[in-house]
Amino acid sequence: MFEIKTKELLGPKVWRMDIYAPLVAGKAMPGQFLIVRVDKDGERIPLTVCDYDRDRGLITIVFQTVGAETERMSRLAEGDCFADVVGPLGRPSDLVDLPVEELKAKKILFIAGGVGTAPCYNQLKWLHDNGVAVDCIQGARTKELLILEDEMKAVCENLYFATDDGSYGIHGNVCVALQKLWDDGVRYDHCVVIGPMIMMKFACQLTKKLGIPTVVSMNTIMVDGTGMCGACRLLVGGEVKFACVDGPEFDGWEVDFDQAMQRSRLYKTQEGELMLKLTEGDTHSGNCGVCK
Amino acid sequence: MKIDVFKKVPVAEQDPKVRATNFDEVNLGYTKEEAVLEASRCLNCKNARCMQGCPVSINIPGFISKLKDGDIEGAYHVISLSSSLPAVCGRVCPQETQCEAQCIRGVKGEAVSIGRLERFVADTAREMGIKPQLPADMVKKGKKVAVIGAGPSGLTCAGDLAKMGYDVTIFEALHKAGGVLVYGIPEFRLPKEKVVAKEVENVKALGVKIVTDAVIGRALTIDDLFDKEGFSAVFIGSGAGLPRFMNIPGEQSLGVFSANEYLTRSNLMGAFSPDSRTPIMRAKKAVIVGGGNVAMDAARTAKRLGAEVHVVYRRSEAEFPARVEEVHHAKEEGIIFDLLTNPVEIIADENGWVKGCTCIRMELGEPDATGRRSPVPVEGSEFTIECDAVIMSLGTSPNPLIKTTTSGLETNKRGGIIVDESEMTTREGVFAGGDAVTGAATVILAMGAGKSAAKGIDEYLSAQ
Ligand SMILES: Cc1cc2nc3c(=O)[nH]c(=O)nc-3n(C[C@H](O)[C@H](O)[C@H](O)COP(=O)(O)OP(=O)(O)OC[C@H]3O[C@@H](n4cnc5c(N)ncnc54)[C@H](O)[C@@H]3O)c2cc1C
Ligand SMILES: Cc1cc2nc3c(=O)[nH]c(=O)nc-3n(C[C@H](O)[C@H](O)[C@H](O)COP(=O)(O)OP(=O)(O)OC[C@H]3O[C@@H](n4cnc5c(N)ncnc54)[C@H](O)[C@@H]3O)c2cc1C
Ligand code: SF4
Ligand code: FES
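From first to last, the protein sequence lines are chains V and F.
Just so you know, our numbering puts 310 at position 287 of the first sequence, and the rest follows in order with no gaps.
Just so you know, our numbering puts 423 at position 422 of the second sequence, and the rest follows in order with no gaps.
It is possible that part of the hints are untrue.
Unchecked claim - Below 30 angstroms or equal to it, Euclidean Cα-Cα: the simulated BS3-like pairs (lysine-lysine) are:
| id | chain 1 | residue 1 | chain 2 | residue 2 |
| --- | --- | --- | --- | --- |
| 1 | F | 356 | V | 224 |
| 2 | V | 63 | F | 195 |
| 3 | F | 199 | V | 63 |
Stated by the list, open to error - Just the calculated beta-carbon pair ranges, DEER-fashion:
| id | chain 1 | residue 1 | chain 2 | residue 2 | range |
| --- | --- | --- | --- | --- | --- |
| 4 | F | 134 | V | 106 | 27 to 33 angstroms |
| 5 | V | 284 | F | 143 | 53 to 59 angstroms |
| 6 | F | 317 | V | 80 | 56 to 62 angstroms |
Hints listed in this document are in silico derivations from the structure and should not be mistaken for laboratory results.
Don't be surprised by glycine CBs; every beta carbon is placed ideally from N, CA and C.
Only chain V is shown next, with the shape it has when bound in the complex (with noise of 0.2 angstroms):
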């Protein structure tokens, strides 16, 4: 049924897959996610639609392989089919609500980090299709990690890159590229943040300290994704948000991020012993201790 249609490496550990999926490929917007599940003993894992095409029923996901269902997924091939495909979940960016007129007048930066390019490239998609010009810093540790270059370069007024080992565009991470335009006098109006937990907290630090108004996309620990379960909770403002139906996009001031990432963590232990299950097959005891 959720046939793999064509499958491709982007980076180190970093795929991209169209899939066939009509129900989400048919109301799918920016901003939104959807669930797989690889079998039919599968753990269900969020990923954020990175593209849809509705004529032929298609949607596109780039995940980077961190734990053990990522890895099997990566094990799957053209041909193959998902057990489960759900969505679109999640609100759609609060951008494609509001009147092109008004996009136009906005200067909007997107700052994408790391496998998080492919949910900006979406959103940078359909505000470029739109005919909104929009900039966009892409970070990464080091330049073999940037992915979607010509994409990206297509869909973007400006686009800036950042590694941390400098061997790309500006040296340094996200944060020193965008301290660096303002201090060359660029300003924009709004700013939406996708990557790492991490990277997310320190941009909107900086995007608070500069005052532009930010937008930053929480992927949480998440089962249904329909708002039944409550582990995706996360604080906003001091009250409690489920990311699946109150986000995943929230406003970054207002994110307790710290938080976040501790929960982010919960399973830690029983994922990382998955994972030695599946990288070192029979051979692994679960005797050494390593994986508790």
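Model the placement of chain F with the ligands on the given structure of chain V, informed by the hints.
Showing chain F with the ligands alone in chain V's frame:
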């Protein structure tokens, strides 16, 4: 076998010590001999009081008398006239406050064990391969009806409509059909493969299509169902899945879960099995907050996953909303009850993990408007229970997703969808029932609402 007519024929159960370490069903059910013996206790009353206690008025003496004669198939058909999920209801209905509470036998002794008999009939019928069937004279209506949610209300409504000749499709948000029966109620009370999956198969066998992974309000709206997909009526049976939290300090700590999350991981995702790919916390000492069925299920699940379990409830045992049988089973399994106690704060260690739950003692005050004595805190009585997990089961409310994406659909102040006598909502052609209307209630009420909505839909569509 001789019996004491004032007492129920006892039913075999797994030994508490053994069952507290496994997820197999606790109650083993009657043998045929025991069932017929228990059935013989029924007086076959003319004005059967038990039927008045049953929310769907099953002809109880009717099925019991067939059973007495050993006619299982006949007994099954009598029940089927009013209930489409007897194997489920026989296991999870609160008979002690419904049919059995009214049974005339209960005046001088114990009521007839109606629930166990219902379960016996349903299980035996299933083993014999007896299934609900499309009526021989059924004529296809040529109209499509959409059902949202594959819980008890949706499955029932869909099954009944299919029997009337409608072309029915159920849209279910999760990857498995069953609603609370698959994600909430644990395996040890309601086996998933043996019972729930079979009930779902029966509904499919009537020609109902079930589309899983379909979130209505997102993938398709109710407007789409009418305008693009060609449905003539819609039934909403989306349940009441939104968990509540207490809003006390420390509730975001690692190790604090909603009962829904904990139970969904264990039941729907099978995390109780070491082979599952979905993780679940195996606590050493868990505090469960609440006193309903959900709290009992969370407590008994945590126990089976290896924890010492304390149930903390702010009222006294008399006010427990949970079924008596569940509380009794929980106690047998060694679960500790801290009554008239309410959490005020959750304490975390330096890494954010729960290390204790501070509670305050309560006492019962004057009866309030509803006659229930409401608990009031005893000042200065705070104390801390050391623990590494806290599971909140404080009740749930309906998910607002469908309401916010459907124009003309009104809800009451608690989020329940408003319906008229035929179960039609404020939007023409859209019907609703079960927990989505009433808030968290029971399987039998949800099933009853599904039946009555099927009737309402048939009347509505026939008048067109
Ligand atoms: C709304 C949303 C959108 C997302 N979009 C993308 C995307 O487009 N591309 C992508 O690569 N990843 C995305 N993620 C993260 C992705 O879901 C996790 O990487 C994945 O679940 C990890 O599963 P695993 O079994 O491979 O790793 P695990 O072994 O489960 O975990 C590895 C690490 O990932 C984190 N993690 C574990 N489970 C989850 C979870 N359910 N959700 C989030 N983080 C988790 C943990 O912090 C852990 O340290 C998104 C998450 C959310 C909530
Ligand atoms: C842990 C627990 C224990 C319980 N124990 C008992 C008991 O012992 N006895 C008893 O009588 N009752 C018990 N109950 C209550 C009983 O299970 C419910 O009252 C009953 O299941 C309600 O049925 P329903 O059909 O209204 O909804 P549900 O069973 O909640 O089913 C609703 C279904 O709709 C789906 N859905 C929701 N939104 C959408 C959407 N937008 N699109 C598509 N699908 C959607 C959900 O995924 C779900 O599958 C218990 C409940 C819980 C949680
Ligand atoms: S009230 Fe009791 S004794 Fe009378 S018919 Fe019902 S179950 Fe039988
Ligand atoms: S993932 Fe379950 S409520 Fe958000």
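Mind checking the alpha carbons of residue 63 of chain V and residue 195 of chain F for me, to see if they're no more than 30 angstroms apart? Within the cut-off at roughly 18 angstroms; holds.
27 to 33 angstroms as the expected CB spacing between residue 106 of chain V and residue 134 of chain F, which holds or is violated: holds (32 angstroms)
Has the given pair, residue 199 of chain F with residue 63 of chain V, been kept, meaning a C-alpha gap of at most 30 angstroms? holds (18 angstroms)
Verify the proposed pairing of residue 356 of chain F with residue 224 of chain V, using a straight-line Cα cut of 30 angstroms. holds (27 angstroms)
Could one say that the CB atoms of residue 284 of chain V and residue 143 of chain F fall in the range 53 to 59 angstroms? Holds, at about 57 angstroms.
Outcome of range test on Cβ distance (residue 317 of chain F, residue 80 of chain V; 56 to 62 angstroms): This hint holds: roughly 57 angstroms between Cβ atoms.
Going down the numbered hints, you'll see the structure goes against none, and every one checks out.
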